[in-house]
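Protein chains: 2
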Amino acid sequence: MRATRFFISTLKEAPADAEIVSHKLMMRAGMIKRLGSGIYNYMPMGLRVIRKVENIVREEMNRSNAIEMLMPVVQPAELWQETGRWDKMGPELMRVKDRHGREYAIQPTSEEVITDVVRSEIKSYRQLPLNFYHIQTKFRDERRPRFGLMRGREFTMKDAYSFDRNVDGLKQSYQVMFDAYTRIFTRFGLEFRAVAADNGAIGGSGSHEFHVIADTGEDAIVYCPSSDYAANMEAAEAVAPSGERAAASAALTKTATPGKAKCEDVAELLAIPLTSTVKSIVLTVETEEKGALHKQVWLLLLRGDHELNEIKVSKIPGLANNRFATEDEIVEHFGTRPGYLGPINTSLPVKIVADRTVAMMSDFVCGANEADFHFTGANWGRDLPEAQVADLRNVVAGDASPDGKGVLAIQRGIEVGHVFQLGTSYSESMKATFLDENGKPQFLQMGCYGIGVTRILGAAIEQNFDDKGIIWPTAIAPFEVVLCPMGMDKSEAVKEQVESLYAALLAAGVDVILDDRGQRPGAMFADWELIGVPHRIVIGDRGLKDGMLEYQGRRDTEATAVAVPDMLSFILAKLAGK
Amino acid sequence: MRATRFFISTLKEAPADAEIVSHKLMMRAGMIKRLGSGIYNYMPMGLRVIRKVENIVREEMNRSNAIEMLMPVVQPAELWQETGRWDKMGPELMRVKDRHGREYAIQPTSEEVITDVVRSEIKSYRQLPLNFYHIQTKFRDERRPRFGLMRGREFTMKDAYSFDRNVDGLKQSYQVMFDAYTRIFTRFGLEFRAVAADNGAIGGSGSHEFHVIADTGEDAIVYCPSSDYAANMEAAEAVAPSGERAAASAALTKTATPGKAKCEDVAELLAIPLTSTVKSIVLTVETEEKGALHKQVWLLLLRGDHELNEIKVSKIPGLANNRFATEDEIVEHFGTRPGYLGPINTSLPVKIVADRTVAMMSDFVCGANEADFHFTGANWGRDLPEAQVADLRNVVAGDASPDGKGVLAIQRGIEVGHVFQLGTSYSESMKATFLDENGKPQFLQMGCYGIGVTRILGAAIEQNFDDKGIIWPTAIAPFEVVLCPMGMDKSEAVKEQVESLYAALLAAGVDVILDDRGQRPGAMFADWELIGVPHRIVIGDRGLKDGMLEYQGRRDTEATAVAVPDMLSFILAKLAGK
Numbered sequence: 001m002r003a004t005r006f007f008i009s010t011l012k013e014a015p016a017d018a019e020i021v022s023h024k025l026m027m028r029a030g031m032i033k034r035l036g037s038g039i040y041n042y043m044p045m046g047l048r049v050i051r052k053v054e055n056i057v058r059e060e061m062n063r064s065n066a067i068e069m070l071m072p073v074v075q076p077a078e079l080w081q082e083t084g085r086w087d088k089m090g091p092e093l094m095r096v097k098d099r100h101g102r103e104y105a106i107q108p109t110s111e112e113v114i115t116d117v118v119r120s121e122i123k124s125y126r127q128l129p130l131n132f133y134h135i136q137t138k139f140r141d142e143r144r145p146r147f148g149l150m151r152g153r154e155f156t157m158k159d160a161y162s163f164d165r166n167v168d169g170l171k172q173s174y175q176v177m178f179d180a181y182t183r184i185f186t187r188f189g190l191e192f193r194a195v196a197a198d199n200g201a202i203g204g205s206g207s208h209e210f211h212v213i214a215d216t217g218e219d220a221i222v223y224c225p226s227s228d229y230a231a232n233m234e235a236a237e238a239v240a241p242s243g244e245r246a247a248a249s250a251a252l253t254k255t256a257t258p259g260k261a262k263c264e265d266v267a268e269l270l271a272i273p274l275t276s277t278v279k280s281i282v283l284t285v286e287t288e289e290k291g292a293l294h295k296q297v298w299l300l301l302l303r304g305d306h307e308l309n310e311i312k313v314s315k316i317p318g319l320a321n322n323r324f325a326t327e328d329e330i331v332e333h334f335g336t337r338p339g340y341l342g343p344i345n346t347s348l349p350v351k352i353v354a355d356r357t358v359a360m361m362s363d364f365v366c367g368a369n370e371a372d373f374h375f376t377g378a379n380w381g382r383d384l385p386e387a388q389v390a391d392l393r394n395v396v397a398g399d400a401s402p403d404g405k406g407v408l409a410i411q412r413g414i415e416v417g418h419v420f421q422l423g424t425s426y427s428e429s430m431k432a433t434f435l436d437e438n439g440k441p442q443f444l445q446m447g448c449y450g451i452g453v454t455r456i457l458g459a460a461i462e463q464n465f466d467d468k469g470i471i472w473p474t475a476i477a478p479f480e481v482v483l484c485p486m487g488m489d490k491s492e493a494v495k496e497q498v499e500s501l502y503a504a505l506l507a508a509g510v511d512v513i514l515d516d517r518g519q520r521p522g523a524m525f526a527d528w529e530l531i532g533v534p535h536r537i538v539i540g541d542r543g544l545k546d547g548m549l550e551y552q553g554r555r556d557t558e559a560t561a562v563a564v565p566d567m568l569s570f571i572l573a574k575l576a577g578k
Numbered sequence: 001m002r003a004t005r006f007f008i009s010t011l012k013e014a015p016a017d018a019e020i021v022s023h024k025l026m027m028r029a030g031m032i033k034r035l036g037s038g039i040y041n042y043m044p045m046g047l048r049v050i051r052k053v054e055n056i057v058r059e060e061m062n063r064s065n066a067i068e069m070l071m072p073v074v075q076p077a078e079l080w081q082e083t084g085r086w087d088k089m090g091p092e093l094m095r096v097k098d099r100h101g102r103e104y105a106i107q108p109t110s111e112e113v114i115t116d117v118v119r120s121e122i123k124s125y126r127q128l129p130l131n132f133y134h135i136q137t138k139f140r141d142e143r144r145p146r147f148g149l150m151r152g153r154e155f156t157m158k159d160a161y162s163f164d165r166n167v168d169g170l171k172q173s174y175q176v177m178f179d180a181y182t183r184i185f186t187r188f189g190l191e192f193r194a195v196a197a198d199n200g201a202i203g204g205s206g207s208h209e210f211h212v213i214a215d216t217g218e219d220a221i222v223y224c225p226s227s228d229y230a231a232n233m234e235a236a237e238a239v240a241p242s243g244e245r246a247a248a249s250a251a252l253t254k255t256a257t258p259g260k261a262k263c264e265d266v267a268e269l270l271a272i273p274l275t276s277t278v279k280s281i282v283l284t285v286e287t288e289e290k291g292a293l294h295k296q297v298w299l300l301l302l303r304g305d306h307e308l309n310e311i312k313v314s315k316i317p318g319l320a321n322n323r324f325a326t327e328d329e330i331v332e333h334f335g336t337r338p339g340y341l342g343p344i345n346t347s348l349p350v351k352i353v354a355d356r357t358v359a360m361m362s363d364f365v366c367g368a369n370e371a372d373f374h375f376t377g378a379n380w381g382r383d384l385p386e387a388q389v390a391d392l393r394n395v396v397a398g399d400a401s402p403d404g405k406g407v408l409a410i411q412r413g414i415e416v417g418h419v420f421q422l423g424t425s426y427s428e429s430m431k432a433t434f435l436d437e438n439g440k441p442q443f444l445q446m447g448c449y450g451i452g453v454t455r456i457l458g459a460a461i462e463q464n465f466d467d468k469g470i471i472w473p474t475a476i477a478p479f480e481v482v483l484c485p486m487g488m489d490k491s492e493a494v495k496e497q498v499e500s501l502y503a504a505l506l507a508a509g510v511d512v513i514l515d516d517r518g519q520r521p522g523a524m525f526a527d528w529e530l531i532g533v534p535h536r537i538v539i540g541d542r543g544l545k546d547g548m549l550e551y552q553g554r555r556d557t558e559a560t561a562v563a564v565p566d567m568l569s570f571i572l573a574k575l576a577g578k
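As given, the protein sequences belong to chains X and D, one line each in that order.
First residue of the first sequence? That's 1 in full-length UniProt numbering, and the numbers climb one at a time after it.
First residue of the second sequence? That's 1 in full-length UniProt numbering, and the numbers climb one at a time after it.
Warning: the hint list may mix true and false statements.
Because identical chains cannot be distinguished in the list, a pair is counted as satisfied if it fits within a single copy or across any two copies.
What the hints assert, rightly or not - Restricting the straight-line Cα-Cα distance to at most 35 Å, the calculated cross-link-like pairs of lysine-lysine (DSBU-like) are:
no., residue 1, residue 2
1, 431, 260
2, 545, 97
3, 431, 24
4, 431, 97
5, 405, 171
6, 171, 33
Bear in mind the hints are in silico, worked out from the structure with no lab data behind them.
Every value quoted in this text rests on a predicted model; they were computed, and no experiment measured them.
Build the full structure now, drawing on both the sequences and the hints.
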């Protein structure tokens, strides 16, 4: 490609509404252009990256025997009503009426449509397993679109759906996709991690997220550096501390802690470690029984330095539909307002659940259910009955790994892929069955597998940039190599050399752009550093008089002189990762 | 590709709602699957054809220095309001509100968005010319979607937009696109014709449609077999008959024609040719002048066997906003009801326009403005004043070609492409300017260029099918070659031969499918004839014992025996069109 036949549009400054680095750099590099809130034009430079991402995804999906098709953007409401998602999904689901008043969804995902296709196409177990995928425009009406392609409203996604005869088959199909995703993210050239995930609201069992590692990532991901354990924060298990609970050594003492409602303040006042304190979280669950509203108040106990994990809490029997208790409910059950609550001497009985760590504590400090007072020296079994124990908290760095093979570390990630065992949730609600070997109808076992194609661009940049701009991995760079001639219009030698190298690179199948715009070197270099092309060759009279060209990798701090006849093989070796 | 790793789903019968052959065959061949009215899933077999069409389009657009980008499906209403199309477009424009109540269009086309992009990107004449294109999903809420992909609601289209400094530049950009389209449709392997078109409601001047020729096409296209003149019916000019008008030879005579309101019936009653009769069409134009409604009645005269061309009529000064006159208006002006109207002796004055052919008639028959009476022997200048003359009618086969090089013929076509000189209509309404050499702002000269990607599939089939199924041109066939082994699971020789040929074809870059489903020959052949793969190779023990394979082209009536070692070069020659 010649730059004069392409469209290059760079900006010195990012627009004010660009908050994060990938958004700023994509705007400045002319990769995207805002059309509306969370809606972007993909400019020619950005589209090249998208196509490279799509092609890698497509190749690896095909290699895994997934079959490409294309499902529509505008999907009839009836299918979404069959699964109940028409009502369950909130305003994120963009809805539209046609001229006859019929309702449609602008698709955010295609479980309903693929299940509709498959239930009419699949008759027999002999047709299984099957895996269909498509790469399509999607829309999610985010309440607050932001961060460019990271949380846009219109975006491109690859979604695949597998269909199997039984759970074993599903697990196999899932593993095939897991492996394909591992190849895909490896080929992108991005540092990533697959982490066990909660199976969430979508139903089913078994799920992994693929995260691109980046300090700016909005998700915390948990891993064990000495084993292959990895999970997202929602799913990472906090195991019980090892060993026995220490024996009580202090007496239960009501201690004045005036104005110290937080564990941190109490610890400071009493000059004890925060890890000796216990904090109280009060939840309410309302259920309707025979038309009457029944209200149950729960007290959850966490060590003072730990954080509640709401996903884990919602899985405790009886706590699925909890909410935080109101102040009135708290006063009614504890006899005091929040800040001094604890498990001892509540006004009314409450159900108590202690986190695994709290259940192993002795001589701990907790609220006394009286304003401005805490108990010190509290001990299980002696001062209060042993409570129900559960994993209630987020793990922290240094926690023991659940696989027993070391301690956990935490890093930030950006979720770009998700594989999910759906089971029969969709096939049951949409009556998608096949006939098994005995001629009996069975529900199809489904899996779903997504990759946020346009989101990859944002994530790749969050991981790979410097103060000059983007640093694309070669596999998804808009161009692999840029040729920068110095004074092409003035020097015949430069013109000849750059044209011959350009032709040789094209012939070798290299995705090269020749910057023939005639810009000054400073502006030209700044453009390509901003755009992030990974390999740059400078052709100038100064080097040519010694028969040399200049190579510089985007991460290199200095240029390398390469003799003219060696440059082609030098670049091919670079592109081959040598 | 192995058939067992692909998804093949054929039907014996087409669904009842499939009305035309391409729709029926695409449904039966498992290329598309209906999701809703005018909305289809593109199944794996159909998507392969779409991708081949897209790739040819993309290659030729790139070759023409058009630059690919991607504009969104969901577009803010504000831009559509700037050009007035938000109001002008009827319910065909699908409109949607987001969670904040803001309005958006589901794009049917992207003139507004590209003009918005360009007005902020283009500052100077030095950046011009430019041509941007995208291949994107579009939606048009047709009142009555039908004919499968021919008149669907959701469809894929390539649309390109050129930007130039002046009309000369626009004309050059237009010609480049015209030539690209010619290459594209030639590469598809379809019989097509580019025809001059009316510039329609979109504004601007200069337009051609590209039609795929098919007897079932819904458009009549006009061409001259002995020259390169071609136009669609709206635009084809009906020239005046050559020579002089014959002198009057009969007297004007009021003749009783009781109950004969139509020219055909009058001609039959009077035993004269239909070409001696003149029919009357009455139009009304209402204009508001200084708050008062002014009404003008027009009488258009056509030869009895000719048809009115409404596009031509609307271009006559004063007739832009015409409607058919009401019966009351007719009675008021002509003193009689429709059926016996004519230009002689009207009750009130009307403006008369004679078609070019009518203006050359003498001794003609027309209504006498009295029920059950016609005039015979009517003559211009003698019985009524010479009237305003214009081209009012559709051409018919045998009319003189406007280029004077022969006579016109008419064939049926399916419009699949359209190139259009928009001029400054969009740039003016959206204030898209550039600075010229003198630093003065000028409006951008725009062109737009569309190809209905998914519609190509329907049109290709309407042109190429037989009673067995589809006959794809090789360039856009889902597979170029199908290998049909006879008893692959029983014969080691067949298995060995088919695998070796399959590997050789893949290595030669042939897009081949190996049908390893183990079906009976009859069913297998029927599937591939229905799907329309252009080249078939049968591998069976019967031929192999003589060292032979069987080749049959999809249009061949008989198979050709080809020696095993010759088959690869034989097929490569076929694919090269030899």
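These are the hints, each one checked on the structure:
{"no.": "1", "hint": "431 with 260", "verdict": "neither (58 Å within a copy, 64 Å between copies)"}
{"no.": "2", "hint": "545 with 97", "verdict": "neither (69 Å within a copy, 64 Å between copies)"}
{"no.": "3", "hint": "431 with 24", "verdict": "between (47 Å within a copy, 27 Å between copies)"}
{"no.": "4", "hint": "431 with 97", "verdict": "both (26 Å within a copy, 32 Å between copies)"}
{"no.": "5", "hint": "405 with 171", "verdict": "within (25 Å within a copy, 72 Å between copies)"}
{"no.": "6", "hint": "171 with 33", "verdict": "between (41 Å within a copy, 29 Å between copies)"}
Figure legend: structure checked against the earlier numbered hints; hints not met, in rising order: 1, 2.
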